[in-house]
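*Asks:* Let the hints inform the model, and build the full structure from the sequences given.
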Amino acid sequence: MAWITKNSGTMQIERRTEPYLTDEMKRDLEAKVVVRYPTRRASTLPCLHAVQEKYNYIPHQAIEEIGAFLGLPASEVLDTCTFYEMFFTQPRGKYVVWVCQSISCELLGHEKLMHGLEEKLGILPGETTPDGKITLMHAECLGACGGAPCALVSETMHENLTAENLERIIDSLP
Amino acid sequence: MPLLEPVLCKRIPTAPWGDPRDRKYVNYEAFVATGGYAGLKKALAMEPKAVIEVVKASELRGRGGAGFPAGMKWSFLPPEDGKRRFLTVNADESEPGTFKDRMLLDFDPHLMLEGIAICMHACRLDTAYIYIRGEYHAQAATLQRAIDEAYANKIFGAGSMLGQINGRDAECFMHRGAGAYICGEETGLLESLEGKRGWPRIKPPFPAVAGAFGRPTIINNVETLAIVGPILDRGADWFKTMGKGRAEGVPPTVPASFGPKLFGISGHVNTPGVFEENLGIKCSELIEKYGGGMRGGKKFKAAIPGGISMGVLGTDQYHAELDFDIGRKYAVLGLGTAGVVVMDEDTDMVKALRNMIRFYAHESCGQCTPCREGTGWLSKMLHRIEAGDGTTRDLDLLSEIAGSMGAMPGTTICGLADGANWAVRTMLNKFWGDFEKRVRKERFVSLSVVGAR
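Just so you know, the protein sequences line up as chains A and B, in that order.
Heads up: the first sequence runs through residues 136 to 309, numbered per the numbering used here.
Heads up: the second sequence runs through residues 3 to 455, numbered per the numbering used here.
The reader is advised that the hints may include incorrect statements.
In the DSS-like style, the derived pairs of lysine-lysine whose C-alpha atoms are separated by at most 30 Å in a straight line are [unchecked claim]: (1) B/K156 with A/K161; (2) A/K247 with A/K268; (3) B/K12 with B/K44; (4) B/K284 with B/K246; (5) B/K198 with A/K229; (6) B/K12 with B/K156; (7) A/K247 with B/K382; (8) B/K301 with A/K247; (9) B/K198 with A/K189; (10) A/K161 with B/K198.
If you're looking for bench data, these hints aren't it; they were derived computationally from the structure.
*Replies:* Have a look at this one:
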């Protein structure tokens, strides 16, 4: 839900001396992304994507750095970041399994997939396995209704799933 | 009359013209060899205004859901003032039941790029942004490959065949979203493009006057732009031989449903998928001819005509004609995206409605109170009714809440709550018996846990 936010008034941000947004990334973004838009602010989403791609989540320090890079208050970057479901501000698993729960997938039995995974991994949707390998997530329509039920395993779409072959896919992850 | 030849699926093997297993990415060379970019060449030889006239004459209506005439949208732009103007392409396909644009992006993105170039020429737009949803990873990679090919072949970029527009080189960029349904709403998309939360804007001003970055902006769906190339290539009259025209005696000011359309069939059918057909095809024909009939030989119970926001077709509306007139004739909101979700006789309608409303409660952006609170309230009530703890009063309350939120009663900025409203209303009206069976007459304290999943 996009509009649930955490009380961050007393939150302590973990910091490290080395910046998350490295000079190399900045150069790259400046040359390839920032020039595309009339305002610097429009590069917020591409910057967040770039950070998440590199670190697998978006640390709060990186949000401040993106703000400084784009000339925005960190709060505005955080505001944008927390709106979108795909941005994780907490560390997540190496793989994220998004199981679609919208109408076509539910008609064709997404519940079996979800229950199968919950039992197999011992976690509920939104949680990560203790070894940090897999994060399980509910997803709204993934746009593969023709192959329902479907699931997105990190960046790969799997269609026409059954509980068994989804488990096989999970097992085969390196 | 069935469609004689595939238009949007010309290069994408689709039943009955080809085997979907033979589908592969159509690169620039293959696209040009099969007549691609011919429409663009013809458009470039014409005055920009004349191109808009052709699109207007074709009476092409937007394929993204609202069905607004595309040519009219293009002509709403204010006169040029030498400053920047934008095109944003809505590839944020998130409506449950809709998966047509994914096919175009996967296999034939050049068809859309051709339409983008034509639109930029006709409306004098210097930069195009393709807003693709974040979950489409593979599609984003394919699209980027196609854009790179187009740049290499001088469709866009410095020294391109579009030349200088507003004193700049014509550019086309991809912008990835990050998982928010509301960014498919046109002004929500603009906010997201500008790097903010995807909160829809109050209209007016309309995007054609003040859109992306405060400048005039055209927003079109992927499929709308994909059909523009063939229209320019073969003419508006050819386009109007397909689809469904007006009934006799209807004045030409009433918009009709010309042209082919991609229909996505999913749910309880044997062969789900995306198919191309004339607008005006019967729902029953679509299911039997393309969907391979009902799964397991079961009986038809209900269908969603085009994304869950449009409401449902009842059991007696099996033969409903799928065109832009469907809303008035069959008491649904409209054709929407033509993603048809079919439900068989065993479907639990309470559960189906609970699923739809849970979607809205989850995806409401939280900007307007009636939508934020209303969808959540509906969702909780439907969870309760599904668990067997509802009362008859709840059913009245459902329609009351649903009917008082949305842009049509005038309580919200965008149409997300209208989608929830129509889903609830059509479900209750057409399947009242199913709901009545699940509730009790007496009141008692509910002990069920609500909203755990």
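*Asks:* Work down the list of hints and note, for each, if the structure agrees.
*Replies:* Hint check results:
1. B/K156 with A/K161: Between B/K156 and A/K161 the Cα gap is close to 29 Å, so the pair holds against 30 Å.
2. A/K247 with A/K268: 22 Å, holds
3. B/K12 with B/K44: Since the Cα atoms of B/K12 and B/K44 sit roughly 19 Å apart, the hinted pair holds (cutoff 30 Å).
4. B/K284 with B/K246: Judged against 30 Å, a Cα distance of about 12 Å means the pair holds.
5. B/K198 with A/K229: Measuring from Cα to Cα gives roughly 28 Å; hence the hint holds.
6. B/K12 with B/K156: Within the cut-off at roughly 24 Å; holds.
7. A/K247 with B/K382: 23 Å, holds
8. B/K301 with A/K247: 24 Å, holds
9. B/K198 with A/K189: The hint holds at about 22 Å.
10. A/K161 with B/K198: 20 Å, holds
Hint violations for this structure: none, all hints satisfied.
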